[in-house]
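Visitor: Put together the whole structure using the sequences plus the hints.
Protein chains: 2
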Amino acid sequence: MAVNTQFSIAVHLLAGLACQDGQETTSGHLAMSVNTSPSFVRRTLAKLSKAGLVETTTGKSGACRLARKPGRISLLDVYHAVDAPKVFAIHEYAPQKPCVVSCNIKMALEKALAKTQAAMEASLAAITLADIVSDLKK
Amino acid sequence: MAVNTQFSIAVHLLAGLACQDGQETTSGHLAMSVNTSPSFVRRTLAKLSKAGLVETTTGKSGACRLARKPGRISLLDVYHAVDAPKVFAIHEYAPQKPCVVSCNIKMALEKALAKTQAAMEASLAAITLADIVSDLKK
DNA sequence: CTATACTGTGACTATTATAATAACAGTTAT
DNA sequence: ATAACTGTTATTATAATAGTCACAGTATAG
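These protein sequence lines map, in sequence, to chains Z and A.
Going by this note's numbering, the residue at position 63 of the first sequence is 621; the numbering climbs one at a time, nothing skipped.
Going by this note's numbering, the residue at position 77 of the second sequence is 635; the numbering climbs one at a time, nothing skipped.
No lab work stands behind these hints, which were simulated from the structure alone.
Incorrect hints may appear among the rest.
[Said to hold, decoys possible] Computed cross-link-like contacts, DSS-like style, restricted to lysine-lysine with a CA-CA straight-line distance of at most 25 Å:
1) Z:K695 to A:K673
2) Z:K695 to A:K664
3) A:K618 to Z:K644
4) Z:K664 to A:K644
Note that the structure is predicted; figures quoted are calculated from it, not measured.
Guide: This is the structure:
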């Protein structure tokens with residue numbers, strides 16, 4: 559178990575909703591599939607709801623369903639929705655004045671890693687929930 | 559401070575070595591630039607050494623220097639050397655038998671995320687230590 | 001208008017991963 | 001022999017994450 563479980567759980571939930579074909583589901587039902595507590599599901603689901611990926615209704619017989627067709631939800635949308643961390647973190651440290659490397663490495667690294675982050679996000683943008691779902695049914 | 563500091567520290571160390579233009583340096587000296595203990599530096603340095611990115615000599619007046627020219631060391635080399643974690647982890651859970659999603663999502667996610675990982679690595683491969691160093695001097 | 005069944009959220013605990021330090025064994029110039 | 005370095009193990013401290021519990025808010029149904 560490592561850093562980014564929440565992202566994969568979010569995809570799992572969305573895939574579950576997608577397989578319902580527009581039918582509504584409760585957090586309890588989804589929790590059984592993911593095998594966690596309904597509470598944990600709701601917390602992730604709430605983020606997806608705020609990002610506009612799912613619609614939820616409260617009150618008795620409250621439920622949730624996809625807000626868009628699976629083909630119009632990219633993994634990048636999910637990545638942003640769950641507020642996943644950047645791929646690389648840069649270490650904090652007190653720059654040592656006389657050292658050129660120490661004083662400027664952070665800026666140089668940020669520039670380089672921004673490219674990498676962009677490449678990763680572009681790749682995520684190219685995969686939709688529909689792709690995931692179609693793989694499930696093979 | 560987050561997940562992947564070791565990668566950025568490794569780049570920092572290599573950049574430091576690159577700025578020495580082949581001259582040798584000790585872990586103590588590098589530690590001052592990164593602002594950590596020599597011990598921590600050596601641990602990271604040892605990984606880089608095993609990966610063939612730096613050469614070290616032991617004994618009195620032991621030291622380290624780059625094994626190749628900065629232009630021939632890519633950030634992907636560094637990424638592999640420090641054994642950084644994958645971009646995305648997939649959650650563990652007990653698949654619930656009657657549920658298609660639960661049983662197959664892991665496989666589908668792995669397939670999708672392999673693409674993303676590859677995109678990220680390709681991006682890292684395109685950046686060399688020389689690029690980083692030239693940014694330092696601006 | 002009360003009971004019910006859901007979502008949304010805050011507080012809390014447990015667990016894991018990482019950072020960081022210290023200590024020592026191995027090695028080689030002087 | 002001694003000194004000064006690397007390599008490695010063991011240990012502790014700290015931070016991030018996973019996971020649970022409890023309750024407030026809300027809408028439906030009787």
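Visitor: Given the hinted pair K664 (chain Z) and K644 (chain A), is their alpha-carbon gap at most 25 Å?
Guide: Judged against 25 Å, a Cα distance of about 22 Å means the pair holds.
Visitor: Does the structure keep K618 (chain A) and K644 (chain Z) at a Cα separation of 25 Å or less?
Guide: violated, 42 Å
Visitor: Under the criterion that the straight-line Cα-Cα distance not exceed 25 Å, is the pair K695 (chain Z), K664 (chain A) satisfied?
Guide: holds, 13 Å
Visitor: Has the given pair, K695 (chain Z) with K673 (chain A), been kept, meaning a C-alpha gap of at most 25 Å?
Guide: holds, 20 Å
Checked against the numbered hints given earlier, this structure breaks only hint 3.
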